[in-house]
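If you want the building blocks of each chain, they are given just below.
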Amino acid sequence: MNASVVTPIGAPVRRKEDHRFITGKGRYTDDLSRPGQAHAYFLRSPYAHARIRAIDTSAAIDMPGVVAVLTGKDLAQDGLGGLICGWMIHSKDGSPMNAGAHPALALDTVRYVGDHVAVIIAETLNAAKDAAAAVVVDYEILPAVADLAQAQAEGGPVIHDVAPRNTVFEWELGDKAGTEAAFARAAHVTAIDIVNNRLAPNPMEPRAAIGDYDAGDDAFTLWTTSQNPHVARLVLSAFVGLAPENKLRVIAPDVGGGFGSKIFIYAEETVCAWASKRVGRPVKWTCERGEAFLCDAHGRDHITRGELALDGEGRILGFRVKTTANMGAYLSTFSSCVPTYLYATLLSGQYAIPAIYCEVDAVYTNTAPVDAYRGAGRPEATFLVERIIDKAARELGMDPAEMRRRNFVTAFPHQTPVIMCYDAGDYGASLDKALALADYTGFPARKAEAERRGRLRGIGLSAYIEACGIAPSAAVGSLGAGVGLWESAEVRVNPTGNVEVLTGSHSHGQGHETTFAQLVSARLGIPIDQVSVVHGDTDKVQFGMGTYGSRSGAVGMSAIVKALDKVEAKAKKIAAHVLEASEGDIEFKDGRFTVAGTDRGLAFAEVALNAYVAHKFPTSEIEPGLKEGAFYDPSNFTFPAGCHVCELEVDPETGVTQIVNWVAVDDFGTVINPMIVEGQVHGGIAQGVGQALMERVAYDNDGQLVTGSYMDYQMPRAEDLPSFTLGLTETRCPSNPLGMKGCGEAGAIAAPPAVINALTDALGTQDISMPATPAKLWAVAQARVTRRAAE
Amino acid sequence: MTKISLTVNGKSVSAEVEPRTLLVQFLREKLLLTGTHVGCDTSQCGACVVHVDGSAVKSCTMLAVQADGARVTTIEGIAQGGVLHPMQEAFREHHGLQCGFCTPGMIMSALDMVNRLGPILDESAIRENLDGNLCRCTGYHNIVKAIAAGAAAMGANPTRAAAE
Ligand code: FES
Ligand code: FES
Numbered sequence: 000m001n002a003s004v005v006t007p008i009g010a011p012v013r014r015k016e017d018h019r020f021i022t023g024k025g026r027y028t029d030d031l032s033r034p035g036q037a038h039a040y041f042l043r044s045p046y047a048h049a050r051i052r053a054i055d056t057s058a059a060i061d062m063p064g065v066v067a068v069l070t071g072k073d074l075a076q077d078g079l080g081g082l083i084c085g086w087m088i089h090s091k092d093g094s095p096m097n098a099g100a101h102p103a104l105a106l107d108t109v110r111y112v113g114d115h116v117a118v119i120i121a122e123t124l125n126a127a128k129d130a131a132a133a134v135v136v137d138y139e140i141l142p143a144v145a146d147l148a149q150a151q152a153e154g155g156p157v158i159h160d161v162a163p164r165n166t167v168f169e170w171e172l173g174d175k176a177g178t179e180a181a182f183a184r185a186a187h188v189t190a191i192d193i194v195n196n197r198l199a200p201n202p203m204e205p206r207a208a209i210g211d212y213d214a215g216d217d218a219f220t221l222w223t224t225s226q227n228p229h230v231a232r233l234v235l236s237a238f239v240g241l242a243p244e245n246k247l248r249v250i251a252p253d254v255g256g257g258f259g260s261k262i263f264i265y266a267e268e269t270v271c272a273w274a275s276k277r278v279g280r281p282v283k284w285t286c287e288r289g290e291a292f293l294c295d296a297h298g299r300d301h302i303t304r305g306e307l308a309l310d311g312e313g314r315i316l317g318f319r320v321k322t323t324a325n326m327g328a329y330l331s332t333f334s335s336c337v338p339t340y341l342y343a344t345l346l347s348g349q350y351a352i353p354a355i356y357c358e359v360d361a362v363y364t365n366t367a368p369v370d371a372y373r374g375a376g377r378p379e380a381t382f383l384v385e386r387i388i389d390k391a392a393r394e395l396g397m398d399p400a401e402m403r404r405r406n407f408v409t410a411f412p413h414q415t416p417v418i419m420c421y422d423a424g425d426y427g428a429s430l431d432k433a434l435a436l437a438d439y440t441g442f443p444a445r446k447a448e449a450e451r452r453g454r455l456r457g458i459g460l461s462a463y464i465e466a467c468g469i470a471p472s473a474a475v476g477s478l479g480a481g482v483g484l485w486e487s488a489e490v491r492v493n494p495t496g497n498v499e500v501l502t503g504s505h506s507h508g509q510g511h512e513t514t515f516a517q518l519v520s521a522r523l524g525i526p527i528d529q530v531s532v533v534h535g536d537t538d539k540v541q542f543g544m545g546t547y548g549s550r551s552g553a554v555g556m557s558a559i560v561k562a563l564d565k566v567e568a569k570a571k572k573i574a575a576h577v578l579e580a581s582e583g584d585i586e587f588k589d590g591r592f593t594v595a596g597t598d599r600g601l602a603f604a605e606v607a608l609n610a611y612v613a614h615k616f617p618t619s620e621i622e623p624g625l626k627e628g629a630f631y632d633p634s635n636f637t638f639p640a641g642c643h644v645c646e647l648e649v650d651p652e653t654g655v656t657q658i659v660n661w662v663a664v665d666d667f668g669t670v671i672n673p674m675i676v677e678g679q680v681h682g683g684i685a686q687g688v689g690q691a692l693m694e695r696v697a698y699d700n701d702g703q704l705v706t707g708s709y710m711d712y713q714m715p716r717a718e719d720l721p722s723f724t725l726g727l728t729e730t731r732c733p734s735n736p737l738g739m740k741g742c743g744e745a746g747a748i749a750a751p752p753a754v755i756n757a758l759t760d761a762l763g764t765q766d767i768s769m770p771a772t773p774a775k776l777w778a779v780a781q782a783r784v785t786r787r788a789a790e
Numbered sequence: 000m001t002k003i004s005l006t007v008n009g010k011s012v013s014a015e016v017e018p019r020t021l022l023v024q025f026l027r028e029k030l031l032l033t034g035t036h037v038g039c040d041t042s043q044c045g046a047c048v049v050h051v052d053g054s055a056v057k058s059c060t061m062l063a064v065q066a067d068g069a070r071v072t073t074i075e076g077i078a079q080g081g082v083l084h085p086m087q088e089a090f091r092e093h094h095g096l097q098c099g100f101c102t103p104g105m106i107m108s109a110l111d112m113v114n115r116l117g118p119i120l121d122e123s124a125i126r127e128n129l130d131g132n133l134c135r136c137t138g139y140h141n142i143v144k145a146i147a148a149g150a151a152a153m154g155a156n157p158t159r160a161a162a163e
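Chains A and B are the protein sequences, given in the same order. All letters in the first sequence, in the order written, are residues 0 to 790 by numbering that gives the first Met the number 0. All letters in the second sequence, in the order written, are residues 0 to 163 by numbering that gives the first Met the number 0.
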């Protein structure tokens, strides 16, 4: 579609931002340099747990090119506070969570391999690295615990004194007594034990930061790879105490993927900003991939036991869940809400479950902090629900599709026993469409054919739901959030009729410059190339909550719609005066304001010009100009849902899995740009397949990271994945003006159980854990051969 | 410091470099050609792929001094006279990028693939030959489509296809 046309909602408009990326003109943080900048390198702890007796920086300071060597003492001397966790969780007994201090540079203790000990600032990165080797740290090595299953043992290592048995909180949700009663009358109980493997988010752009203190204005500028620059500014200002908000500008330019890991406020950007004042020069830091594995917040890492109570017909009566969630060594920015309100609230899945009870223990270990990663809590919930229902179906001898259908929520709104009220959906429709696209009924023939070739073929379903459009501010506030989760927008119409849209959302691959412009183009009837989207700079956009949790469409675009409503209302008033008609007679359609029933009218740009020239309306009644802002606070979460079907083959001789077909049918409500939405689904599935088949962050017993590079941590490559077959069903979201639900996390949520369910089908055992590597599957396949031979 | 002279995107360049300088550092920091990216430190991701004397090279894995006398082409050098290369067009048309960070390396690898295997590339050949490039955003689906289409367009219009 050509850039100089009006772009309707629902059109696969090609992306406006692509030109700079395909020509090498993207502007990522590491591409930027400030005059006079120095380079920072962080000295990191080689031990998982140690007391720092002393740090001797004297030799390092004397090395050539070294500007400064700073430690936690210097940070404390300047009165800077530690990093925070912005969501308060209370334990069952009402006590607040046990949050240990989280200094940006360690004070007296290091708690994971990679923890920040000192920063070396030098003329060049090489000089900083050379000097880092000359810093002498006297460590007293302490016993460490890296294994989640061991972390709560009595008498084990204590990571923070405030958290006995390393327990951050013991939280619960749901109806315990009601759930017990459901189990008491169950005809069948299915139980499952799950390890939700720990993942490294791995956006391809490593994190980076440039801090630049301007002594003339006593103000800081921080360029950083952030998904939410305003939240970063708020935290650095209000909690860390770096500078007041009006003296701190945070810019997140082009950001190369985030997947959650760039939501958080980390030590490195905090230190770069602070140090730039200390050394009087801009300070730049770019993460190396090895450091990213050590220090970017990881995702998932749960151990869970789930039990499902069923009646004699396969209807779910109750669901009981006990999860232990790894928080790592410190509570990262939003870590505490992930295994609680983003997890247990989705345990009803797509199903009408009368009683649910969930307990979650959050636990410190001597590992990198764990926080939100694509889906954040919802993939963990979906994996559990979709695995246990599949297992139950097989135990009861029912078809897994039929088992799901029997338990679907079919009437809306539907209040689950775990807070959420599903507003709209048609789960039967997405299941039916997915089964048809996957030729589900033809599967037995394909399995038999594969068997003749010596391959084990399986098919697996995943009927996922997620809660997006995060989130109604009062609701999350009542659950412990430290912030509101609305979004802001400003629509600035220029005198010549082109438009800038300022948004508090942030794009790091999602294509907001296109979809947001597409929305404005459609609404105002002006060509899309006359709409620019401005984001990612706290000096340009007043405030915003950023992009995560698939919120930019449902919340961010809703704010734009609100601002557009105001623009249109004001423009109508102006048009009425110019056209000498009454305001009630002015209609706006296809970019023209017309007097109803006449051919008299004005183009949008003519009204814009009149708004600024201000000759033809009384400025005592109508202010000149055409610029409107809006804050939109959602009234509910949104509930995207759908059904994915994975069909795969395992080679029993090698244990290698080949995914032969993937069908995804999703209900995202209204879709603005299907091309971009499909891209989001593809990427999500790839990450989910990565979790299911290959990805796992591993620490050894001493807390050393074993998977510290792409040599040891397997990322999905092109050959590991098939092309995907995508379909949509649509129920509008009733709670926002566009009817959008969000699509960013669906694939990552839906995919892992689809893969594992297909593997259990192929191999005839429920005992398959993630990641299902060839070594594991080979052992399972060989055991199966032996078992069969014995029979 | 060592003096090197080479051709980058058709222009001759000479510079003094520290011997440990990687080619990618030289391109990004000295020549300010920041389209070539660094995504890893173990030669695994391919964000840094450029062409050296017509072949794809991971510029994080080559010293700048090794490129002395060579002809280097980066992502900035493949559009001609303001006209996008057909492979660039194809990535845009087929939504072969999201965050764009892997994209320069993907495009340079794709061009190398066409140079080696010709313009008719099927899905499995493309997937196999993308082995050295990681993308975390796209799931590769649209990258594969883009490369097939870009390759075909290069085959149909060989003059526009010549990048170096
Ligand atoms: S930067 Fe990753 S391969 Fe070169
Ligand atoms: S587009 Fe983001 S890594 Fe490929």
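One or more of the hints may lead you astray.
Reference listing, derived: stretches of chain B covered by chain A, where coverage requires no fewer than 3 residues with Cβ under 8 angstroms from a Cβ of chain A [unchecked claim]:
1) 24-35
2) 42-51
3) 58-66
4) 82-95
5) 100-111
6) 125-132
Cβ pair distances, simulated, as ranges [as the list claims (entries may be wrong)]:
7) THR41(B) / VAL655(A): 20 to 26 angstroms
8) THR41(B) / GLY483(A): 50 to 56 angstroms
9) PRO443(A) / THR158(B): 52 to 58 angstroms
10) ALA602(A) / SER42(B): 55 to 61 angstroms
11) ASP61(A) / THR158(B): 57 to 63 angstroms
12) PRO773(A) / SER42(B): 22 to 28 angstroms
13) GLN65(B) / ASN700(A): 16 to 22 angstroms
Everything labelled a hint here was simulated from the structure, so no lab data went into it. C-beta atoms are modelled at their ideal positions from N, C-alpha and C, and glycine is treated no differently.
Hint check:
Look at the region 24-35 of chain B against chain A: 5 of its residues bring a Cβ nearer than 8 angstroms to a Cβ of that chain, three or more, so the hint holds. Closer than 8 angstroms: that is the beta-carbon criterion, and the region 42-51 of chain B has 3 residues meeting it against chain A, so the requirement of 3 holds. Interface restraint, the region 58-66 of chain B with chain A: violated (0 residues with C-beta to C-beta distance below 8 angstroms; minimum three). Coverage of the region 82-95 of chain B by chain A holds. Counting CB-CB distances below 8 angstroms, 6 residues qualify, and the rule asks for three or more.
Under the rule that three or more residues need a Cβ within less than 8 angstroms of chain A, the assignment of the region 100-111 of chain B holds, with 5 such residues. Proximity of the region 125-132 of chain B to chain A, defined as three or more residues with a beta carbon under 8 angstroms from a beta carbon of that chain, is established by the 6 residues found. Restraint check, THR41(B) to VAL655(A): a C-beta distance of roughly 23 angstroms satisfies the suggested window 20 to 26 angstroms. Checked against the hint of 50 to 56 angstroms, the C-beta distance between THR41(B) and GLY483(A) comes to roughly 42 angstroms, which is inconsistent with it.
Separation of PRO443(A) from THR158(B) is about 54 angstroms and conforms to the stated range, judged on CB atoms against 52 to 58 angstroms. Between ALA602(A) and SER42(B) the C-beta distance comes to about 56 angstroms, which sits within the given range of 55 to 61 angstroms. Separated by about 60 angstroms at the C-beta atoms, ASP61(A) and THR158(B) satisfy the suggested range of 57 to 63 angstroms. For PRO773(A) paired with SER42(B), a C-beta distance near 23 angstroms keeps the hint of 22 to 28 angstroms intact.
Distance hint check: the CB atoms of GLN65(B) and ASN700(A) are about 42 angstroms apart, inconsistent with the given range 16 to 22 angstroms.
Violated hints, listed in ascending order, are 3, 8, 13; each of the other numbered hints is respected by the structure.
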